[in-house]
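Colleague: The primary structure of each chain is shown beneath.
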Amino acid sequence: MELTNGAEATVKLEGGYLTKDRVAKRYRLRELDERIRKERTKAESRLMSEARRLGIPTPIIYDVENSVIRMQYIPGTPLKHVINDELSERLGKLVGLLHTGGIIHGDLTTSNLILYNDRLYMIDFGLSFMNCGVEARGVDVHVLFQTFESTHHDHKSLTEAFCRGYRHVFTGADEVLDRVTEIEKRGRYA
Amino acid sequence: MKGTVLGIEGTAWNLSAAIVNEKDVIAEVTDTYSPATGGIHPREAAQHHARYASTVIRKVLEEAKRKGITPSDIDAIAFSQGPGLGACLRTVATAARMLAIKFNVPLVGVNHCLAHIEIGRWKTPARDPVTLYVSGANSQVLAYRMGRYRVFGETLDIGLGNAFDKFARSAGLSHPGGPKIEQLAKKSTNYIPLPYVVKGMDLSFSGLSTAATEALKRNSLEDVCYSLQETAFSMIVEVTERALAHTGKNEVLLAGGVGANMRLREMLDIMCSDRGVSFHVPEKRYMGDNGAMIAYLGLLMYSSGDVMSIENSHVNPNFRPDDVDVTWLE
Ligand SMILES: Nc1ncnc2c1ncn2[C@@H]1O[C@H](COP(=O)(O)OP(=O)(O)OP(=O)(O)O)[C@@H](O)[C@H]1O
Ligand SMILES: Nc1ncnc2c1ncn2[C@@H]1O[C@H](COP(=O)(O)OP(=O)(O)OP(=O)(O)O)[C@@H](O)[C@H]1O
Ligand SMILES: [Mg+2]
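Here the protein sequences come in this chain order: Z and W. Counting in this note's numbering, the first sequence runs from 1 upward without gaps. Counting in this note's numbering, the second sequence runs from 191 upward without gaps.
Simulated from the structure, these hints should not be mistaken for lab results. Here a beta-carbon is modelled for each residue, glycine too, at the ideal position from N, C-alpha and C. Do not rely on the hints blindly, as some may be mistaken.
[Stated by the list, open to error] Partial pick of chain W residues on the chain Z-facing surface, computed with a CB cut under 10 Å:
| hint | residue |
| --- | --- |
| 1 | Y381 |
| 2 | Y386 |
| 3 | E441 |
Turn these sequences into a full structure, and let the hints guide you.
Modeller: Put into structure tokens, the structure is as follows:
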């Protein structure tokens, strides 16, 4: 059964597990396309497991082959459909844990979290990388705030709730949140 | 929608005035600033606009008169309020205020990015598209949702056109570099790996431009131009595709000066046909900065009563498209 035809991968449910296949893009040069798909598959499988070691719920990975990952299926609801202040605060805590552990998710959106059995699972680590810099962390949070703004009408209180959670677990939070404000203000005109 | 609006564009290098009504563009006159050396010098560009504003306006009124439209037919004056270079914006706003007083009609302050989208919706069959807007200073993916055009992704540093121009300068090519890079790229098929930087829905081009300059030390100019284009365009097409997946929309509209590039169009065309969505490109004269788009969005806003007083007509160099309440769509 095909679950979604997301932007970069086909996600299928087969025999109780989930297959994520990063399909080739005809618009990109073959060698560039292969490099990107391979890099992202590798980053995803490695950092998804690394994040779980930090205490963040993520699907268990069963197998990786070229640009295909077989992983545990999380039969929950995308955070996008259920988000409220309380869940946003919990998300802030998860991202705080992730950043404390030196991981940048790279694509924090409310579609990339799944609520299941009252646990928030983080998925889609294809753009993740290791980095402890303020800028990388700031951009990570900025990307999430942008989804709040473009897809949720009560984005102000969601943002505040996220910050509460983030500050609660991560000692470097204030510096990162200041940077987020700066990133938002950066004029495009020099 | 009814009326006739005179609009003036002057956010950067192009000074352009146009008169439009709901049927068509009646007249358009443009005078382009081209730097003697290097890139755009903001002060010189503003001086250029100040020097030629009255001529451009006089000419556009003359052209309209030949088609039977006189100043007494004009219902409002629109101007590009931002984003853009502060000095240029102020020069154009001053000219617009003077005209509004002279003709005794209201002023309409137009967001430049939204004008690019609206002229595309006017001049192509696109109705509710995901817009890829790539110009010198801007690179954004936008789509309409609940009363505003939302920015789904954008550059975190410089616009793609500026990244091209910056690289071109370092390679000794004259401004603007984009078209020269396109021509040189056609002579190569040898891809050199360059940094591909997509962060969520956002992009970064300044590292790419620097890496391309670095790569010139070991590779031919043609190979670097080819690789720069392939890398940068793959990034923006990827983000456009993600915006399609997230919004569920089924049209793509291309806007901005970089949209002239045929390789970019080809890649977007392939992506769109693989996803089964339609792809729309306006005529070249409506892709880069032009007065018609300012006059046209001015007309839409005027028709919905969205006008401003002289006192409230300050320019805004960092005017964001998602700050505008869209009054002209149902
Ligand atoms: N382990 C999983 N359990 C349940 N659902 C999943 C799982 N992995 C992915 N999905 C579903 O499939 C969708 C696409 O997966 P994912 O985000 O990993 O792919 P993607 O192609 O990178 O998406 P995009 O580029 O659009 O963010 C998710 O939004 C989610 O709904
Ligand atoms: N064929 C081409 N290929 C690539 N880039 C191009 C091509 N033609 C023009 N460009 C680039 O487009 C840019 C100019 O775009 P545009 O006309 O939209 O002006 P702008 O002042 O940068 O616009 P804005 O104010 O909307 O940011 C320049 O950076 C130029 O190098
Ligand atoms: Mg995803």
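Colleague: All hints, please: hold or fail.
Modeller: Okay, the hints, checked on the actual structure:
1. Y381: holds, 6 Å
2. Y386: Hint on Y386/W: holds, closest Cβ of chain Z at ~6 Å, below 10 Å.
3. E441: violated, 16 Å
Hint 3 alone, counting from the list given before, is not met by this structure.
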